[in-house]
Amino acid sequence: MSAVTDAPARLAVLASRVRAEEKGILDALEQRRIPVEQVDPRRLSAGVGAPVGPWSLVLNREISATRARYAAVSLEAAGTPVINSAAAIGTCGDKWLTSLALQRAGVATPRTVLALTPEAAAEAIERLGYPVVVKPLSSSWGRRVSLVRDPDAAQAVLEHCAALPAPQAHLIYLQEFIDKPDRDIRVVVVGGEPVAAAYRRSAHWRTNVAQGAGTQPCPLDDRLAKLAVATAEAVGADIAGVDVVEDRDGAMYALEVNAGVEFAGLQAAHQGRVDVAGVIADLVARRFRDLTKGGAG
Amino acid sequence: MSACPECATTVPTGAGLRPSELVECPACRSELEVLSISPVTFALAPEPEEDWGE
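Chains as they are written, first to last, in the numbering used here: chain E, 27 to 323; chain C, 18 to 71.
Errors might be hidden in some of the hints.
Examples of chain E residues lying across from chain C (beta carbon under 7 angstroms, computed) [as the list claims (entries may be wrong)]:
hint, residue
1, 91
2, 92
3, 166
4, 167
5, 267
6, 284
7, 286
8, 288
9, 296
Quick list of the computed label-pair ranges, beta carbon to beta carbon [what the hints assert, rightly or not]:
hint, chain 1, residue 1, chain 2, residue 2, range
10, C, 23, E, 276, 23 to 29 angstroms
11, E, 178, C, 48, 34 to 40 angstroms
12, C, 33, E, 176, 30 to 36 angstroms
By construction, these hints were calculated from the structure, which means they are not laboratory data. Heads up, the beta-carbon is just placed ideally off N, CA and C, and yes, glycines get one too.
Let the hints inform the model, and build the full structure from the sequences given.
Spelled out as structure tokens, the structure:
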């Protein structure tokens, strides 16, 4: 591994866009006296068989899912451990791979179907029943996620998908709609430990903060904590934003995992009583110190 | 001086500014990206791309 050298260990945080989250993490690492380099992945390139950079450990906070994934793959290929791992980023960045990972781990998740064409999706929707949620395989912030309530709406959405130029857009991810209250739950899990949870409330059925949902503190009881930790573990994410919905009977389902979790809304909900950036910095600092001691990477 | 590249207004900057941090121009409300710290320079922040997110 790259840590077994005479050169001093170096830590990098990859980020092309420094949001409150990245700023908080960088500040927290410096407060812990961890020397850290802020690296803009827009300026990185990787050669086959060549080091990507001089770092011993990289925290990947890149906002572009594509750059985040290929940076992680390239760094790991060169022997540099990355948090989250390339495998975790790949799984979390693909809703179908996430669903398969959750199913394999026995984590409760809504009924889900991947249709390989819009035509196959039309038939699958009839089997799943209405309402049904249609999602792009890889999107974030609730973009292009549709709640389809009847065959007319299904036809319109599927025609739009078919007209999109990217072949991946013709793969249709369908999910049973969970009749949730006006909220879902975001749980942040770091290093296998649940950190905090927040309700995300909206009058709209989509409850993404990026879509305008508000946040409130959510009690992190044992059942929710276990579900979130099992979900993060299922996708192999060291740092995870786990999205959970409850149905009207109180049953809980994991929906997806965000490998580059945004947590400013959750922290605001807890009015400073939760320090997610600090918890992430503690995890990174532990891993970094293990490397500097010549421990496992 | 740290001028907004859109409207040329001087954008106030505080301590602890970091490269690639986002700042809003107080005059034209453009979202700006910090290009450099010493001296502080800005560019218009890039528009969100399809694969941006969490």
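Now the hints, each set against the structure:
{"no.": "1", "hint": "91", "in the structure": "4 angstroms, holds"}
{"no.": "2", "hint": "92", "in the structure": "5 angstroms, holds"}
{"no.": "3", "hint": "166", "in the structure": "2 angstroms, holds"}
{"no.": "4", "hint": "167", "in the structure": "5 angstroms, holds"}
{"no.": "5", "hint": "267", "in the structure": "6 angstroms, holds"}
{"no.": "6", "hint": "284", "in the structure": "4 angstroms, holds"}
{"no.": "7", "hint": "286", "in the structure": "5 angstroms, holds"}
{"no.": "8", "hint": "288", "in the structure": "5 angstroms, holds"}
{"no.": "9", "hint": "296", "in the structure": "18 angstroms, violated"}
{"no.": "10", "hint": "C:23 x E:276: 23 to 29 angstroms", "in the structure": "50 angstroms, violated"}
{"no.": "11", "hint": "E:178 x C:48: 34 to 40 angstroms", "in the structure": "39 angstroms, holds"}
{"no.": "12", "hint": "C:33 x E:176: 30 to 36 angstroms", "in the structure": "53 angstroms, violated"}
Comparing the model with each numbered hint stated earlier shows that hints 9, 10 and 12 do not hold.
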